[in-house]
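In case you want the letters, here they are:
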Amino acid sequence: MRVLYFAWLRERIGAGREEVETSAPTLAALVEELRARSEGHALAFDDLSAVRAAVDQEAAELDAPLRNAREVAFFPPVTGG
Amino acid sequence: MRVLYFAWLRERIGAGREEVETSAPTLAALVEELRARSEGHALAFDDLSAVRAAVDQEAAELDAPLRNAREVAFFPPVTGG
Amino acid sequence: MAAPVLHVSVQEADFDVAAECARLTEGRADVGALVTFTGLVRDRGGDVPVSAMELEHYPGMTEKALTEIAEQALARWPLQGAVVIHRYGLLLPADRIVLVATASPHRQAAFESAEFLMDWLKTRAPFWKKETTPDGARWVDARESDDAAAARWGRG
Amino acid sequence: MAAPVLHVSVQEADFDVAAECARLTEGRADVGALVTFTGLVRDRGGDVPVSAMELEHYPGMTEKALTEIAEQALARWPLQGAVVIHRYGLLLPADRIVLVATASPHRQAAFESAEFLMDWLKTRAPFWKKETTPDGARWVDARESDDAAAARWGRG
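Chains as they are written, first to last, in our numbering: chain A, 1 to 81; chain B, 82 to 162; chain C, 163 to 318; chain D, 319 to 474.
Same shape as in the complex, but just chain A (with noise of 0.2 angstroms):
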């Protein structure tokens, strides 16, 4: 599964892109595999509140399931305009 970051977490994990195994049925059982990564991970989802995510390129809740998503994204509350 590919796995983008934006904004502060790209900067945090360090990449704005990586690819991932895994069998996580969620976006947040997917979130505490990626936190075990690195401590960029570990900081960039330190605080849940502030992250959104979006599965196969839809807004997509933490606890959505995964089933066969492609992409999945995370980034923090979106400020364009």
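What the hints contain is simulated information worked out from the structure, not anything from laboratory work.
Cβ coordinates follow ideal geometry from the N, Cα and C atoms, glycine included.
Certain hints may be false.
To be verified - Computed, partial: chain B to chain C, Cβ under 10 angstroms:
id	residue
1	R91
2	Q138
3	R148
To be verified - A short list of chain A residues far from chain D (calculated; beta carbon distances all over 12 angstroms):
id	residue
4	M1
5	R10
6	A15
7	T22
8	P25
9	G40
10	A42
11	L48
12	D56
13	E58
14	A59
Dock chains B, C and D against the given chain A, drawing on the hints supplied.
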């Protein structure tokens, strides 16, 4: 006093402007005097609910006093924009 | 904040929306939100084809009314400037009639004040439209919905 | 009414507001109301001077999100067209960031839909702003007032 007419009041009266000698105390009293001037005037002021007025270029109600007004205007409800 | 820009014009000539926006933003970097409203002549009035529109106004009072309306907007919202331009004379379908533009640090003030300017202009500025239709020319009736829209801003 | 014009773009380059408006009005005479909103980079964020802004986005999702937002506006209001353009990359104070433009026979639909587009864009389009200040670069925080503004339109 200078009296101005706009839109269909101007067309019914057949003039956009006339000089009027009057001692009418209010706009409503002035309207009564103007009505008597011609059939066109009578027609223009036939339905006062469709007539708006300004005294010295400020919107005014028909019961407004005229005092020393120099310019009075009568016109339909505005339709700009 | 510097004194707000205020530009009001009653003119026969067309206007350039981009140039009018530049009045509000050029030479400064504190504007965050710029809203424009352009009103255009439509080729129908209800179900009736319209081939031309004659806009009559009250010279002298028009400029005063537009300036008062713009000053009200500047008093009610934290604006960096407002432009109000209204044309008169003979216009054809697709021609521009009116422009309102507002600049503010924040988008809500820019949107609200532009709506306010249009609502007040529709009910307070002395313009009258006469449409040319296949059955001849006719004066456009004022709309009660315009009075209702203006009423939501309270009295000035 | 012909199919509405829908133009969405995510781009580094600046845009031309007049040219984008022409997309909505050219070759037709049934548009009565054209509203534009332009968002600009401000030289301050709160009390802090801002010398530059870096806009990051999520390629692929951004285009989808903006298209969905524009389609929602076309579904909710009787519009003849909508344009949504959002820039990314390095921007400087006074640079344009975003353009929303809507065309309708009537002004209320044009105003409301433009506000809707901005409110939804602010809360749903995957863009993130990073400001350069005298103390270094910082990510701009999302604003609760933007969530509240978006909530008034209900869920899509």
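A quick look at each hint next to the structure:
1. R91: Holds. Min distance 8 angstroms.
2. Q138: Holds - the Cβ of Q138(B) comes within 10 angstroms of chain C, reaching about 4 angstroms at its closest.
3. R148: Violated, because the Cβ-Cβ distance from R148(B) to chain C comes to roughly 18 angstroms (cut-off 10 angstroms).
4. M1: The claim stands: M1(A) keeps its Cβ more than 12 angstroms from every Cβ of chain D (closest is about 15 angstroms).
5. R10: The claim breaks: R10(A) does not keep its Cβ more than 12 angstroms from every Cβ of chain D (closest is about 8 angstroms).
6. A15: Label holds. Min Cβ-Cβ 14 angstroms, cutoff 12 angstroms.
7. T22: It holds; T22(A) is separated from chain D by about 20 angstroms at its closest Cβ, greater than 12 angstroms.
8. P25: Holds, because the least Cβ-Cβ distance between P25(A) and chain D comes to about 23 angstroms, which exceeds 12 angstroms.
9. G40: About 16 angstroms separates G40(A) from the closest Cβ of chain D, which puts it past 12 angstroms; holds.
10. A42: 19 angstroms, holds
11. L48: 15 angstroms, holds
12. D56: 9 angstroms, violated
13. E58: 8 angstroms, violated
14. A59: The claim is violated: A59(A) sits with its nearest Cβ about 7 angstroms from chain D, within 12 angstroms.
The structure fails to meet hints 3, 5, 12, 13 and 14 from the earlier list, while all remaining hints are met.
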